[in-house]
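Number of protein chains: 2
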Amino acid sequence: MKRILNLLAIILMTTSVMMAQDKKSFTLEDLMPGGNNYFNLQPNNLHGLAWWGDLCVKPEMREVKTINPKNGEESVLFTLEAMNKALEEAGIKPVRALYTLSYPWADKTEVQLPKSQGYAVYNWVTGAVTTRNDLPKEPYANVDLNPVSGHIAYTIGNNFYVNGHQVTDEPEGVLCGQSVHRNEFGINGGIFWSPKGNLVAFYRMDQSMVTDYPQVNTSTRIATLEPDKYPMAGMTSHKVTVGVYNPATKETIYLKAGDPTDRYFTNVSWSPDEKSIYMFELNRDQNHAQLMKYNAQTGEKEGMLYEEKHPKYVEPQNPILFLPWDENQFILQSQRDGYNHLYVFETTKEGELTHRQLTSGPWIVKGIMGFNEKAKEVIIMSTEISPLQSNAYAVNVKNGKRRLIGEGEGVHRVQLSASGKYVIDNYTAHNVARNISLLSTQKGKPVNLLSATHPMEAYNMPEITLGTIKAADGKTDLYYRLVKPVDFDASKKYPAIIYVYGGPHAQNITDTYNYGVRGWDLYMAQKGYVMLTVDNRGSSNRGLEFENVTHRQLGVEEMKDQMKGVELLKSLGYVDADRIGVHGWSFGGFMTTNLMLTYNDVFKVGVAGGPVIDWKMYEVMYGERYMDTPQDNPEGYKNSDLTQRAGDLKGKLQIIIGANDPVCVPQHSIAFLRACIDAGTHPDYFIYPGDGHNMAGRDRVHLHERITQYFEDYLK
Amino acid sequence: MKRILNLLAIILMTTSVMMAQDKKSFTLEDLMPGGNNYFNLQPNNLHGLAWWGDLCVKPEMREVKTINPKNGEESVLFTLEAMNKALEEAGIKPVRALYTLSYPWADKTEVQLPKSQGYAVYNWVTGAVTTRNDLPKEPYANVDLNPVSGHIAYTIGNNFYVNGHQVTDEPEGVLCGQSVHRNEFGINGGIFWSPKGNLVAFYRMDQSMVTDYPQVNTSTRIATLEPDKYPMAGMTSHKVTVGVYNPATKETIYLKAGDPTDRYFTNVSWSPDEKSIYMFELNRDQNHAQLMKYNAQTGEKEGMLYEEKHPKYVEPQNPILFLPWDENQFILQSQRDGYNHLYVFETTKEGELTHRQLTSGPWIVKGIMGFNEKAKEVIIMSTEISPLQSNAYAVNVKNGKRRLIGEGEGVHRVQLSASGKYVIDNYTAHNVARNISLLSTQKGKPVNLLSATHPMEAYNMPEITLGTIKAADGKTDLYYRLVKPVDFDASKKYPAIIYVYGGPHAQNITDTYNYGVRGWDLYMAQKGYVMLTVDNRGSSNRGLEFENVTHRQLGVEEMKDQMKGVELLKSLGYVDADRIGVHGWSFGGFMTTNLMLTYNDVFKVGVAGGPVIDWKMYEVMYGERYMDTPQDNPEGYKNSDLTQRAGDLKGKLQIIIGANDPVCVPQHSIAFLRACIDAGTHPDYFIYPGDGHNMAGRDRVHLHERITQYFEDYLK
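Respectively, the protein sequence lines represent chains A and B. Throughout the first sequence, residue numbering follows my numbering, covering 1 to 716 in sequence. Throughout the second sequence, residue numbering follows my numbering, covering 1 to 716 in sequence.
No wet-lab data here; the hints were simulated from the structure. Warning: the hint list may mix true and false statements.
Unchecked claim - Just a few of them, taken from the derived set where beta-carbon distance is under 7 Å, the chain B residues facing chain A:
#, residue
1, Val216
2, Thr218
3, Ala223
4, Leu225
5, Met232
6, Phe686
Cβ coordinates follow ideal geometry from the N, Cα and C atoms, glycine included.
Same shape as in the complex, but just chain A:
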């Protein structure tokens, strides 16, 4: 009997082992964006979902359907065939796919086509095709078509154009209609249409006084210079002003904001009546922000509505938003109480501006998705349930009462319908590959559109766990994600790699599918590595204090927290403490290099991608927020300048950069190599010619082959 049981055990074990063996192994082609099989291993998704009024639009291969969020009823709106026939008759290039159309007019049976079709408009009832405006013949960029007025704004070269009219005529060093301040302060463009599209505000940035960084293009017959205006910390910065153009009069005025030297103008927005423009104005020290109001006709300053100071820094990232039902009230976002929250500002009948806090608590408002005008609610995303999550809430603007929309787990992306009554809710959670539903923002049954299957079921998956450890301050909880080797055997000793970012504005661990595990983590787990990531203090979505503990001393506290991760690894019993590696990119490259130098007895192998080496070579906007200027904070800069400690390198460290990195310029890495050579230490180095701050496509696969090989050569 005992024999038989033993035999059975063997059979069962063998079966189990065989089952694991039957599962597929990952290649980098499966796991890397750019890999041949990458998309097959991503959870299914529905592309191009949109709202037409309160009807959900669902594009398919050959037709566009609507889905009624009340009951899930589907009906065909129009077919590709019919639309393309109309387009061809109108002499417009036909469309191949229906996924990139937009439906900005809730009251019209019209769909707007993408830029490649000249923003043509197709009326699926009448079959008529019209174009709202003409794109220029010259190479253009930054196109912004206002769907209300039909005016079209864009840039050609460094100048700004509207409806074929050249608005600005500036020399090459002055950019108009483009993003400014290197995309900091929430800026991602330079064109701001008024609500009805009668006026357009635009950025003008004079960077003629900014030093060129000499980038070199080596793909030409003989290498050519492609200089890039790059203001380094403490050096002369650009000057920004804001213009307002009136397409009717073809006149331009500039907001009279005073001398723009060493100032940041951000979050440009309009009053609903188009008479006023608002923006936040920030000093170069970034510790004093003022919300200013300007007359959009004259450019005159009409007053300061609000100001905020902080001994470390303030960081306005969102424009104010007027309530659709009351032009006297707007919502402002601020993290002045330590967490990003909503404040309602109201101009009283007496003309006085008052304000009150609408949301509060130790969590973050991540964004405003819009309003439910009827219910007088604002729809927000927040981390109220967990810092790892992002959930939609309807917030009553009067009393601040909140109501969760959808499931209370995971990270949601929602699109609000025209009335604000419905959302398309697209979410993933650690055990949910993807779920897409139409939800009422008030109550009602969800209409499920997709429940994605687990895409990696055929593969031999490692165990992925989430947990918390205490930060180096002894009190703050830090989240970590731990990936055990595939076919884990607790009696073995495994090498471990910490993947780190560690800088502000980023979070590596979220309640997304598999806790947001990286493809490379899975790949390395398969090769027998324990993979750990810890979101240290300084990273995002945990509040201001959690973030700004790093002020004037980037790297110091972050590294202490990462060493708590090392303690965790050592405590596991199955990690070989002599074989701990580290890898990170950008700020994570800074962290990797810093860890390799600072804890050179702990880390044996590191790969630092696109690293910051010396913050005085980083740009003004991001760098000075956290480090102040080199003139003001010489100690902080010196202590974080890794060239000063090049002689401390003991392990194997490979630096990898895009040879044309415009974000973290090659000078960082090159200066570090020079310092190491002078100090007699031996880092390794590789470049991706023609690439910028990150590698995409096939280069990303190649990069991870390279990173993997380095750990295989020296850590395994």
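Put chain B on the given structure of chain A with help from the hints.
What follows is chain B alone, placed relative to chain A:
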């Protein structure tokens, strides 16, 4: 008895082993230029030996002695103390050492001080100090003081000056008084004084039409552009003209040589009467050279004296030289019969120019050292005894009879006395560390000044042997140098590394000390590698045909010959054929990369330094001589373009460059990396920021640590 013998054998063996163990091991500090102990391991030398007339001048620490070459008698000429006292009284900075003085006036008791002392002249009999001319206060370069006239020529920025007078006034793209044609065709400067110093010829090079290569200096606060005019093969080249300045009249004329587009003007020389200037003129194809004569006063062309064509290329590298005893005769060097030899040209009384060959045979005249006027002899260096050697000969200009001067072994460097009767002969041979003697160029007993001891006797030396193998053509002998591992054991299997250069104008194996073994060879032999170097066809000192077999197909024949070296390694019995590596720099970097790609089953590991990757990125003068233009030889360029074969990389290949290499610009390596990334192969890469084509000083030590580690990591 037998027992005792055995015991004895053991004792002897042990002793021998212990003796080997007692010997020191090399470090890179011992073997690398730039290493802390490098100079201690170099053979002794005597610095600053010179001629004052026919007396040898021998500087010591505190006094300058003369040595009579007839009998070796020494006497003190002057002391440092006395000279410095006189200098101080004259307000001139004192001299620290006596090794850099010169004695251009055989008829005066005067010594000329170096540039740092303003070329002051000290008369050791009268104690008088004079200065012949003044150096400018602005930063100057290319100083050339004529010791006969005392006129001083130099450059400031891009312009040419004589005696404080600005001779040229050209914009920045035009260089005057500097070397041209990238130092090819024997050019190494741009100032040519007439024999008595009454006139000075100078180069003027307009390179405003040449494309800039964007070199970047990363050592500044923010990286700065330092563009370099770099004419790439097939692209627009610079234009050179030759001016003649008369310091007396302050007038300048230019030689009327016609349109300088795509022409090379080289080997400028003067007639003894200063009335005529001669130079070789070469077409861009470099297959047609003409020796031209110009009137130095008017610049008018006075005739073509000689011309030479070759279906592959001609390469005039030496100016003509007039006989001191007959202004109607000059010597011209040409390799038109396949070897560089001397030809005597004579203008007959009838005014006809005739010429005759003075030397001939399957060997090379390496240079003319001067004349013995009395004996009517020209003193040359030649390879007559062996291509590995360089020996001095006195050649009778009338009948061509030759007489060896000094020992018939080794590589000699000689300095000829004023009359040509004596030489300072400094030579090394494979078993001679260094020997310095004063020799009569006719007959007489040598006066030995130094017989250096073997400097590495305390070290555990490997066995270094010389041999020949047949080239891939099956008939030509190639020389090789083989270094066995230290403590060699024939029963073991060792990894082997081929060190390769392989390009024209270089020879790695000579009959110098230890056959010219490289320090790194010794270091690697100590680490257990077999080191082999083969001078393949295409390298120098073996005649034109040996060299020009590579024409229009650089790399092809050279690699075939290197594979004969591989055959040799495999035949040795103690080389592990699976562990063969290759290393080379510049042309040797091209060879290394090419071998790694072409014979990717043979070579496991390679380190390619400053490699040419694609000859169309190399400069016009050197590149087109061997490859013609990309327009004329598209197949040859394509076949040797290593980016085309980046996908063939199988072994480990590391590319190392000076990040500011102005010779073989970084674009070569960067293009190769891009091609490898695109092809999915994995080279390694390192740069030395701020360095040029070669690493010097401490960087050279660091570099060889790096190269060594790469072979240790992947070949051992």
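Results for each hint:
no.: 1; hint: Val216; verdict: holds (5 Å)
no.: 2; hint: Thr218; verdict: holds (4 Å)
no.: 3; hint: Ala223; verdict: holds (5 Å)
no.: 4; hint: Leu225; verdict: holds (4 Å)
no.: 5; hint: Met232; verdict: holds (5 Å)
no.: 6; hint: Phe686; verdict: holds (5 Å)
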